[in-house]
Amino acid sequence: MSFLEIKNLSIEFGGLRAVDDFNLSLKQGELIAIIGPNGAGKTTVFNMLTGLYAPTSGSIDLNGESLLGLKPFQFAQKGIARTFQNIRLFADSTVIDNVKMAYTHKSRETFFQCLFRTPEMVRQERELDEHALKLLERFGLAGQADLLAKNLPYGAQRRLEIVRALMLDPKILLLDEPVAGMVTTELDDIATMVKKLRDELGLTIILIEHHMNFVMPIADRIKVLNFGQTIAEGEAEEIQRNPDVIAAYLGGGYVYANA
Amino acid sequence: MKAIIRKILPLLGVVALYFLLMYLKSIKVMNAYHIQVLMFAGVNIMMTVSLNIVNGFTGQFCIGHAGFMSLGAYGASIVTTLIFGGYHVAENLRIPVFLLGLLVGGIVAGFVGLLIGIPTLKLKGDYLAIVTLAFGEIVRATLRLIEPIGAARGMIGIPAYTNFAWVLFFVVVTLILARNFIYSRYGRACLAIRDNEIAADSMGVNTSKYKIISFVFAAFIAGIAGGLYAHIMSFVQPDTFSFVKSSDYLVYLYAGGTGSLTGSILGALVLTVLPEALRAFGNLTNWRIVIYAVILVVIMLYRPLGICGGKELPFLKINRKSLYEKNFFGRNKDRKPEMPELSER
Amino acid sequence: MSTLMQFLVYGLQLGSVYALLALGYTMVYGIVGMINFAHGDFLMIGALSTFFIAQLFSQIYAASGSYPALVVLVIILIAMVGTGFIGVGVEAIAYRPLRNRPKMSALITAVGVSMFLENFPRALPFIGPSPRSFPALFPSIKFNLSGVMISTTQIIMIALSLIFMLILYNVVNKTKIGMQMRAVSMDKNAAQLMGINVNQVISITFFIGAALAASSGIFYASIYPQVDVYMGSWLGTKSFIAAVIGGIGDIRGAMLGGFIMGITEILATSINSNLGYAIGFVILILILLFKPAGIMGKLTIDKV
Chain W
1 MSFLEIKNLS
11 IEFGGLRAVD
21 DFNLSLKQGE
31 LIAIIGPNGA
41 GKTTVFNMLT
51 GLYAPTSGSI
61 DLNGESLLGL
71 KPFQFAQKGI
81 ARTFQNIRLF
91 ADSTVIDNVK
101 MAYTHKSRET
111 FFQCLFRTPE
121 MVRQERELDE
131 HALKLLERFG
141 LAGQADLLAK
151 NLPYGAQRRL
161 EIVRALMLDP
171 KILLLDEPVA
181 GMVTTELDDI
191 ATMVKKLRDE
201 LGLTIILIEH
211 HMNFVMPIAD
221 RIKVLNFGQT
231 IAEGEAEEIQ
241 RNPDVIAAYL
251 GGGYVYANA
Chain B
1 MKAIIRKILP
11 LLGVVALYFL
21 LMYLKSIKVM
31 NAYHIQVLMF
41 AGVNIMMTVS
51 LNIVNGFTGQ
61 FCIGHAGFMS
71 LGAYGASIVT
81 TLIFGGYHVA
91 ENLRIPVFLL
101 GLLVGGIVAG
111 FVGLLIGIPT
121 LKLKGDYLAI
131 VTLAFGEIVR
141 ATLRLIEPIG
151 AARGMIGIPA
161 YTNFAWVLFF
171 VVVTLILARN
181 FIYSRYGRAC
191 LAIRDNEIAA
201 DSMGVNTSKY
211 KIISFVFAAF
221 IAGIAGGLYA
231 HIMSFVQPDT
241 FSFVKSSDYL
251 VYLYAGGTGS
261 LTGSILGALV
271 LTVLPEALRA
281 FGNLTNWRIV
291 IYAVILVVIM
301 LYRPLGICGG
311 KELPFLKINR
321 KSLYEKNFFG
331 RNKDRKPEMP
341 ELSER
Chain L
1 MSTLMQFLVY
11 GLQLGSVYAL
21 LALGYTMVYG
31 IVGMINFAHG
41 DFLMIGALST
51 FFIAQLFSQI
61 YAASGSYPAL
71 VVLVIILIAM
81 VGTGFIGVGV
91 EAIAYRPLRN
101 RPKMSALITA
111 VGVSMFLENF
121 PRALPFIGPS
131 PRSFPALFPS
141 IKFNLSGVMI
151 STTQIIMIAL
161 SLIFMLILYN
171 VVNKTKIGMQ
181 MRAVSMDKNA
191 AQLMGINVNQ
201 VISITFFIGA
211 ALAASSGIFY
221 ASIYPQVDVY
231 MGSWLGTKSF
241 IAAVIGGIGD
251 IRGAMLGGFI
261 MGITEILATS
271 INSNLGYAIG
281 FVILILILLF
291 KPAGIMGKLT
301 IDKV
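Heads up: the protein sequence lines correspond to chains W, B and L, in order. For the first sequence, this note's numbering begins at 1 and goes up steadily by one. For the second sequence, this note's numbering begins at 1 and goes up steadily by one. For the third sequence, this note's numbering begins at 1 and goes up steadily by one.
Just to be clear, a hint being listed does not mean it is correct.
Claimed, not checked - With a Cα cut of at most 20 Å, we get these calculated EDC-like pairs of lysine to aspartate or glutamate:
id	chain 1	residue 1	chain 2	residue 2
1	B	Lys209	W	Glu109
2	W	Lys106	B	Glu91
3	W	Lys150	B	Glu312
4	L	Lys103	W	Asp92
5	B	Lys317	W	Asp92
Claimed, not checked - From the derived model, a few chain L residues whose C-beta atoms are all more than 12 Å from chain B:
id	residue
6	Phe7
7	Val9
8	Pro131
9	Ala136
10	Ile150
11	Ile158
12	Leu160
13	Leu168
14	Val171
15	Val172
16	Gln200
17	Gln226
18	Ser270
What the hints assert, rightly or not - With the Cβ distance kept under 8 Å, some of the chain B side facing chain L (calculated, not the full set):
id	residue
19	Gly13
20	Val14
21	His34
22	Leu123
23	Gly125
24	Asp126
25	Tyr127
26	Ala129
27	Ala134
28	Ile138
29	Tyr254
30	Ala293
31	Val294
32	Leu296
33	Val297
The hints are simulated quantities; they were obtained by calculation from the structure and are not laboratory data. Note that the structure is predicted; figures quoted are calculated from it, not measured. Glycine is no exception: its CB is placed at the ideal position from the N, C-alpha and C atoms.
With these hints in hand, go ahead and build the complete structure from the sequences.
Below you can see the structure in the form of structure tokens.
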């Protein structure tokens, strides 16, 4: 049985079908990429997978349990974590607090322990600090733990979003355009990182991107969306040869993807 | 040992401050009126800290905070005056009755905060603001209707239990609790909501729950402050707690700086004491609010973060850096990051 | 029945005051996206300045105690235009520099501006806090329509406010400046790229809003003939609530909300005066619980 099962997912905004009949079945540890031109509905799929939008029809099952109707924070608590296309950090908080904030629902500190800062609460905080710092260290951010998130350079902000998502200890990680706005030399670094996340942490990853040459080498499977419809699905070579995909990317898109 | 000293020192400072003021009073440098101004300043500090928790740390927008204060004031006064008969209660029972009254005032305010918070905190920004304003006015209109507590005439004969020591005690307790709240998972959740509600939601933070917790916590503090206020004035009237009072607290908060307890103390203290001090130079009551208004607008235009702008005095924050520096960096100083370092553009 | 009709007349006259004021809130919100807490004070400025202008004119024109119609028109016009310019000034000094800052800053600034506009005249020795009785600008002949008393003042003010609303509705929907306003309300940056002078459009919006507020102040003072510096504060609060009830940002919503507020308030006041004061707030909370964007308002979805 598959791990994440998405069937016939559709959403309408005022009569416009932004995503039509999206199907996806994921095995644990798979790395799937969703590609497609701007406005194809990729982020909308993510927004449905994290509960920010309620689908008009269709189903989302994680380990056989339906997630429909849950609130975004419940999706996160069930183990689906995400990053955002336009970075959404807690900009006025420190780097380490950004990470610790993603631990809120797991924290066992009670309200009265917190108000009176009991030794038990202080101990838990210290453990949490360590945990967060270890994670930050793996991504080379531990040294900046006390900076405000908004003062980090752009690339570090993107990494911090990933660290924050990992703090949720997710089963599935959704990466929304992790290389948006980065120069080509950085693409390989990020690609290595994404692969490492899957190989070493055993994460299941769904990746949105329109840089084809970024996703081709790392994705197990690729789904191509255009105008909300799935126009192709398969391994990298199949996708590259697919005439529909070429058509969708034609007129600069394909050239840009190879740039 | 050092850590304990660092913890105790500010408290010793407060005690020293108390004795200094009492000494100044005994040698007649300060009179009862000066002390009373300081007591009002203390109540205002509590109110501003309370408002800061909602507006500054959680990023919500409450503009009817005097409503909670009035609930606390009336709740406490009903206990001390109507139930226990004011000064008729036995001498040795006065302090317990007073504390019970304050507690009841805080609970009433907190409970109403819960009732109003559950349905309304889904509303965003402007709408929440107007609902809290409406809430404050509804409370005022309702209090004006209830005959047993004096309706619009107000309630008189409340024993003046609050003295300077009590105010100082409650201000210190409020600051400690507020600080502990902020530097805990609750405070972090609130900050996350303030910084980016969608991201907070997506990171597993139950935003409505934490908004309500911060709202109720703040309402509780405001209720206690209201109780203290009633027992300074020995008289409460619904119209005292109008929108004008709520906007006073907004000014204290935003002038001092949101998201900073130091700012709340400074804002409330300076803006309470200053007009009284200026009174020595002639009657400025008419110009007081004009000056406030100008200060507020100028601060918003040129220093939108307020005087303190997110900065905090050392004893009002919990410095994690010192906590984890030796624990973590001591051990792991030389390890290299496992994930590839990204070249920054 | 005739008492109910009588209440309805009172409700309509109060409602038209609220509606005129609510229009300003709603226009500013629709176009700049901020709550102008100081808007109610434009009403006070309108009423108060009318008082002083009328006093000035009375020495020349109203020796007999009543003003000729033309003079009244001139007085009202001066007050409306003057208040309109004050509105433009407030926007330019206090709000414009904050336009791209977080909403909260603009809101707090508006609270500050409101405090200033109320308390500055209060502190001035020749105005001060004490209420003044407003001159009778409109003729007041009472009719008795089968038990319902109605005066010419009421008829004039209800008719005038309906005319103002009709003009505004047509200006916004049928003229070039109205089209520019709608464009700015949808997207300031895009409007700017299309060659619309955004600052000018916003100034005009504030001008119209403040001028309408002044007219509502004159009407209000004509039926409850007393003016003081705080009158704008609570009338403003209620009109703002009327705008929210109707759906803030929507012009028809503001009119609807204004009349709902006016009529319910009069009905509730006939039971108890405190209830009359609070009823609007209760309606507001009830409506927002079921329609979070008001009766006519549309809820916007956060873009992720």
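What are the numbers of the hints that this structure violates, sorted from low to high? 2, 19, 20, 21
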